[in-house]
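With the hints as constraints, model all of the structure from the sequences given.
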Amino acid sequence: MSIYDVFSGGRPFNKEEWAAQKQEQRKAAYELIDNTCSEMMADGVAFQQYLDVQGHFDRYSVNNAILVSAQMPEATQLKDYGSWKQSRAYVDKDAQKVTILEPGKEYEREDGSKAVGYNAKIVYDISQTSAKDRLQPQEQKTMRELVSAMIDASPVSFVPVDDLELPAFYDSSQQTIFIKTGLNEEQLFVSMAKEVSAAVFDFKHKESRDASDFKSFCVAYMVSSRYGVDT
83 MSIYDVFSGG RPFNKEEWAA QKQEQRKAAY ELIDNTCSEM MADGVAFQQY LDVQGHFDRY
143 SVNNAILVSA QMPEATQLKD YGSWKQSRAY VDKDAQKVTI LEPGKEYERE DGSKAVGYNA
203 KIVYDISQTS AKDRLQPQEQ KTMRELVSAM IDASPVSFVP VDDLELPAFY DSSQQTIFIK
263 TGLNEEQLFV SMAKEVSAAV FDFKHKESRD ASDFKSFCVA YMVSSRYGVD T
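Numbered according to the numbering used here, the sequence shown spans residues 83 to 313.
Hints are all accurate, no fakes.
Below, computed lysine-lysine pairings styled on DSS-like, alpha-carbon distance capped at 27 Å:
#1 179 <-> 214
#2 214 <-> 167
#3 203 <-> 175
#4 109 <-> 175
#5 203 <-> 214
#6 179 <-> 203
#7 167 <-> 97
#8 203 <-> 161
Keep in mind the hints are simulated off the structure, nothing from the lab.
Given below as structure tokens:
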């Protein structure tokens, strides 16, 4: 008997079995993405739940945000087992698993083009670990800070006006966002977020307002949700 049996409980590592398990996890993840997308198309609440998750996990890909939304929409901080251990936190024995996708190795398609495959990865929310009691409340940004950040992020300037019918409007011909005076802070931030998004879609992607209007609305909602601004 080898001393190394203590690491595997005496069971040898089976590479083929491990690969098959990973393949099944990846297949299940993509099926969950497809099913959740169908649900979001039919259910506005499900779509709003996805936007809330994407707003919080703003660095996650769309696919991973969909996966989190489908499995654990209340998650706030996700790491794999090893990363939690490095943070001196331990995953609960009955912890809820969340499957996401991570980039794998680059490979060459039959036509010679390059592509990157994705592998399933199991992560756990902080609420499923011994670190849950260490969770610090997120520092709230003031509305002045949020509005100032929106001004800095905008590719165009802002002009406050008194007689605007809408709360805010991006005029592509003048490359200006007009802001109605007299708005409360929440109205100001949400309307600015939508019109800054419209300006970015115009500048970077040459998309008309009609083409980008729904996406701009979604971006405004996600940004507002992330910072706790009521829409």
